[in-house]
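Novice: My request is simple: use the sequences and hints to build the entire structure.
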Amino acid sequence: MAILEVRNLSKSFGTLNVLNDISFDVEKGEAVAVIGPSGSGKSTLLRCVNQLEKASGGTIRFCGMDMFVPGPGGKSVYADKQTLRKVQEKTGLVFQNFNLFPHMTVLRNITEAPVCVLKKSKQEAQEIAMELLKKMGLETKAKSYPCELSGGQQQRVSIARALAMNPEILFFDEPTSALDPELTGEILKVIKELAADGMTMVIVTHEMNFARGVADKIIFMEGGYIVEQGDPEQLFGENASERTKQFLQRYSSI
Amino acid sequence: MTGEQLSTLFGLMLEYAVPTLKIFAFTLLYSIPLGMVVALLKMCRFKPISWLTNIYILIMRGTPLLLQLIVAQYSVPYIVRSDICPDFIKSLLENVDIRSESYTFNMMLFAFVLNYAAYFAEIFRGGLESIPKGQYEASRCLGFGKFQTFFRIILPQVIKRVVPASSNEIITLVKDTSLASAIPYMEIMYIAKKQVPLYASLMPLFMAGVFYFVFATVLTVLFSAVEKKLDYYR
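Chain order of the listed sequences is Y and B. For the first sequence, this note's numbering gives the first residue as 1, with consecutive numbering after it. For the second sequence, this note's numbering gives the first residue as 1, with consecutive numbering after it.
Derived by calculation from the structure, the hints in this document are not laboratory data. Quick reminder that beta carbons are idealized off the backbone N, C-alpha and C, glycines included. Accuracy of the hints is not assured; some may be wrong.
Far from chain Y, by Cβ distances over 12 Å, these chain B residues were calculated [claimed, not checked]:
# : residue
1 : L12
2 : L92
3 : M207
4 : Y232
Simulated DEER-style distance windows between Cβ atoms [what the hints assert, rightly or not]:
#  : chain 1 : residue 1 : chain 2 : residue 2 : range
5  : B       : K193      : Y       : S144      : 55 to 61 Å
6  : Y       : E242      : B       : P156      : 52 to 58 Å
7  : Y       : A196      : B       : D231      : 40 to 46 Å
8  : Y       : G29       : B       : L222      : 54 to 60 Å
9  : Y       : S177      : B       : E227      : 32 to 38 Å
10 : B       : V37       : Y       : K86       : 30 to 36 Å
11 : B       : L92       : Y       : V77       : 48 to 54 Å
12 : B       : L222      : Y       : D197      : 49 to 55 Å
13 : Y       : S177      : B       : S50       : 33 to 39 Å
14 : Y       : K86       : B       : V71       : 38 to 44 Å
15 : Y       : D66       : B       : N106      : 56 to 62 Å
Every beta carbon over 12 Å from chain B, so not counted as near; a handful from chain Y, in silico [unchecked claim]:
#  : residue
16 : N8
17 : E27
18 : H206
Specialist: And the structure:
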């Protein structure tokens with residue numbers, strides 16, 4: 001059974017349709033890359049699934065929970081608050097510009113939600129946090145504040161912060177777009193390791209080679225539609241649609 | 001002036017510094033929480049409330065504090081006598097003894113608090129609106145509730161941002177308390193003015209000036225220490 005099931009999802013801002021008829025599945029342990037030109041609705045899609053935007057129509061099911069499904073009238077409605085909260089706790093989102101809490105130390109950034117939301121003991125949360133920091137190669141930075149870290153280090157902290165909630169699925173919204181090329185590599189390496197560990201992930205990215213190398217499935221979006229989805233061999237191969245080829249060619253020619 | 005006169009005068013000034021401190025402390029005590037409430041009301045999505053709050057802020061910031069103090073002090077008898085005043089307000093106000101000392105102080109405090117709450121509200125609103133949307137989104141994605149988000153994530157950052165502007169306002173209040181002398185309310189400025197012809201000397205005003213100066217300077221030092229303490233992050 002798919003962990004995340006999206007069917008015919010649509011989203012409009014007033015009369016502007018930013019998402020149309022979006023359908024895809026994410027299986028457990030799968031890494032899915034979402035690619036496409038700017039303004040194609042990739043980020044909006046992630047934000048809808050993460051409840052930062054309200055979807056307009058369609059279905060979203062997560063871990064067997066009906067998060068957003070058509071009601072009796074045919075119009076899709078959101079689940080009750082409790083279900084939405086449960087979904088929220090089981091999904092993690094890593095932002096393009098990190099959004100770390102600047103007034104907390106690195107350690108507290110990671111432990112705050114497990115302690116306040118999951119009601120873990122402070123000690124247990126700190127042990128988990130130190131474990132994650134070690135994995136990110138940042139165990140010496142636990143007492144630093146986010147402003148004292150480089151962009152790449154901040155992004156690794158924000159990944160650790162999301163992982164500390166032990167999510168079923170982790171979303172990345174252009175995790176390397178705010179970083180220079182040198183720092184991009186260290187984040188991609190972390191995501192690669194997570195994929196190898198079997199973490200379920202959806203990654204919106206402009207790093208085509210990375211998507212090709214890491215993803216089990218690639219979704220190519222344009223103009224609010226999914227143009228094509230499939231495994232990397234298909235999208236990067238000869239049998240890809242004309243539009244996909246054109247897009248990828250332009251990318252590789254830069 | 002003889003040394004004896006000086007020490008008598010100094011004692012008198014010290015005695016009347018207490019009412020000044022009282023105005024200062026009570027104004028802060030009430031206007032800061034009220035300012036937070038007003039800031040939230042102004043940011044209210046229900047527009048009529050936001051507009052009404054805005055009108056209140058406009059009036060408070062657009063008219064002199066001295067005028068507000070005088071109006072608060074002398075308006076009650078006029079309100080009771082006016083035809084358009086609803087009966088329940090009349091019956092409420094009729095029992096008020098407008099000659100009592102507590103009445104003078106309370107109405108004065110009323111004007112001070114309403115005036116300063118308007119200024120604090122604008123400072124707090126600016127602080128709240130300066131927090132990036134990403135902070136709310138990150139905390140939402142981590143599962144924090146609305147209250148947790150406000151008190152754990154947003155408020156600590158707002159406090160850091162509003163300290164410089166608030167300290168400015170608080171230091172202004174030190175000097176604005178002297179407006180109470182016009183009501184008249186017996187505080188240090190009132191007594192200093194009274195002593196000038198008595199001693200035929202500017203010494204009382206000089207002493208009052210030193211008092212305000214020392215008070216404001218102490219606060220300045222205090223607030224720069226607070227700012228430094230909050231400087232552990234950017």
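Novice: Would you check whether the claim that N8 (chain Y) is not at the interface survives, using Cβ distances to chain B and the 12 Å cut-off?
Specialist: It holds; N8 (chain Y) is separated from chain B by about 24 Å at its closest Cβ, greater than 12 Å.
Novice: Measuring from beta carbon to beta carbon, are A196 (chain Y) and D231 (chain B) in 40 to 46 Å?
Specialist: holds, 42 Å
Novice: Per the hint of 56 to 62 Å, is the separation of the Cβ atoms of D66 (chain Y) and N106 (chain B) within bounds?
Specialist: Distance hint for D66 (chain Y), N106 (chain B) holds at roughly 58 Å.
Novice: Confirm or reject the claim that E242 (chain Y) and P156 (chain B) have a C-beta distance inside 52 to 58 Å.
Specialist: holds, 53 Å
Novice: A cut-off of 12 Å on Cβ-Cβ distance, and L92 (chain B) was said to be off the interface with chain Y. Does that hold?
Specialist: holds, 43 Å
Novice: Once the closest CB in chain Y is found, is it more than 12 Å from M207 (chain B)?
Specialist: holds, 43 Å
Novice: Measuring from beta carbon to beta carbon, are G29 (chain Y) and L222 (chain B) in 54 to 60 Å?
Specialist: With a Cβ separation near 57 Å, G29 (chain Y) and L222 (chain B) satisfy 54 to 60 Å, so the hint holds.
Novice: According to the definition I'm using, a residue is off the interface if its beta carbon is farther than 12 Å from all beta carbons of the partner; does H206 (chain Y) meet that for chain B?
Specialist: At about 20 Å from chain B, H206 (chain Y) clears the 12 Å cut-off, so the statement holds.
Novice: Between the beta carbons of S177 (chain Y) and S50 (chain B), is the distance compatible with 33 to 39 Å?
Specialist: holds, 36 Å
Novice: Starting from the hint 55 to 61 Å, judge whether the C-beta atoms of K193 (chain B) and S144 (chain Y) obey it.
Specialist: Distance hint for K193 (chain B), S144 (chain Y) holds at roughly 57 Å.
Novice: Quick one: work out the minimum CB distance from L12 (chain B) to chain Y and report holds if it exceeds 12 Å, violated otherwise.
Specialist: holds, 47 Å
Novice: Looking only at beta-carbon atoms, does the pair V37 (chain B), K86 (chain Y) fall within the given range of 30 to 36 Å?
Specialist: holds, 34 Å
Checked against the numbered hints above, the structure violates hints 4, 14; every other hint is satisfied.
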